[in-house]
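Colleague: Residue strings, one per chain:
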Amino acid sequence: GAVVSQHPSWVICKSGTSVKIECRSLDFQATTMFWYRQFPKQSLMLMATSNEGSKATYEQGVEKDKFLINHASLTLSTLTVTSAHPEDSSFYICSADKQRMNTEAFFGQGTRLTVV
Amino acid sequence: AQSVTQLGSHVSVSEGALVLLRCNYSSSVPPYLFWYVQYPNQGLQLLLKYTSAATLVKGINGFEAEFKKSETSFHLTKPSAHMSDAAEYFCAVTSSEAGTALIFGKGTTLSVSS
Chain V
1 GAVVSQHPSW VICKSGTSVK IECRSLDFQA TTMFWYRQFP KQSLMLMATS
51 NEGSKATYEQ GVEKDKFLIN HASLTLSTLT VTSAHPEDSS FYICSADKQR
101 MNTEAFFGQG TRLTVV
Chain R
1001 AQSVTQLGSH VSVSEGALVL LRCNYSSSVP PYLFWYVQYP NQGLQLLLKY
1051 TSAATLVKGI NGFEAEFKKS ETSFHLTKPS AHMSDAAEYF CAVTSSEAGT
1101 ALIFGKGTTL SVSS
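These protein sequences, in sequence, are chains V and R.
If you read the first sequence in the numbering used here, its first letter stands for residue 1, the second for the next number, and so on.
If you read the second sequence in the numbering used here, its first letter stands for residue 1001, the second for the next number, and so on.
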């Protein structure tokens, strides 16, 4: 199989603090990982594409200084929400490509972020 | 550019009835199409995918979808709904050029009544 694990599943933080979300491919190497954001009862919106060893590519309208993405290895990408505000509260989901099999993305279970 | 339109934000069926969730796509290049299911506060589970092979695609849990290029559609069907099928369903599109950076539709909530 192809398992992608996100941690934490739930996080509550105070306004102004930073939160780091991890996305790990457990049984395969992922050359590319993607970060999505989902507002309540809405669809998933691609935030950024993360490639191992290089800078992430952000979608239009996504603040790269607020949402820091690091893809330090072939099995780990992290999303750090910096100086979080209540409007950053959302469901964040990552997905990962298997090397040489880019016809299917494997999704993590998501992280529910609540900023109070 | 690619886009996906899911017709009907909410579909209600009775247990045992046919499930039909509609998805139309727009793509200037040959598309790859996917259907995902999402249960509350969980990630996405792939139901099925079309990647330019057979146009009728069978997936998990008895779901299937047919790619119709002339209609730019990829509707999801299941002959007989189960209570456990109640969830949010997303249609998504990408292309070989875009890899698996997916463009999602707005989703359809499926309710199943007994």
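Hint data in this document are derived by calculation from the structure and do not stem from the laboratory.
One should not assume that every hint holds.
[What the hints assert, rightly or not] Label pairs and their calculated CB-CB ranges:
| hint | chain 1 | residue 1 | chain 2 | residue 2 | range |
| --- | --- | --- | --- | --- | --- |
| 1 | R | S1012 | V | M45 | 22 to 32 Å |
| 2 | V | K64 | R | S1114 | 42 to 52 Å |
| 3 | R | S1113 | V | M45 | 43 to 53 Å |
Note that the coordinates shown come from a computational prediction; the quantities given were computed from them, not determined experimentally.
Each residue gets a CB set at the ideal place from its N, CA and C atoms; glycine is no exception.
Colleague: With reference to the structure, classify each hint as holding or not holding.
Modeller: Taking the hints in turn, this is what the structure says about them:
One distance hint, 22 to 32 Å for the beta-carbon pair R/S1012 and V/M45, holds here, with the actual separation near 27 Å. Remark: the range hint 42 to 52 Å for V/K64 to R/S1114 is upheld by a beta-carbon distance near 49 Å. A hinted range of 43 to 53 Å is violated for the C-beta pair R/S1113 and V/M45, which are about 31 Å apart.
Hint check: a violation occurs at hint 3 only; the rest are consistent with the structure.
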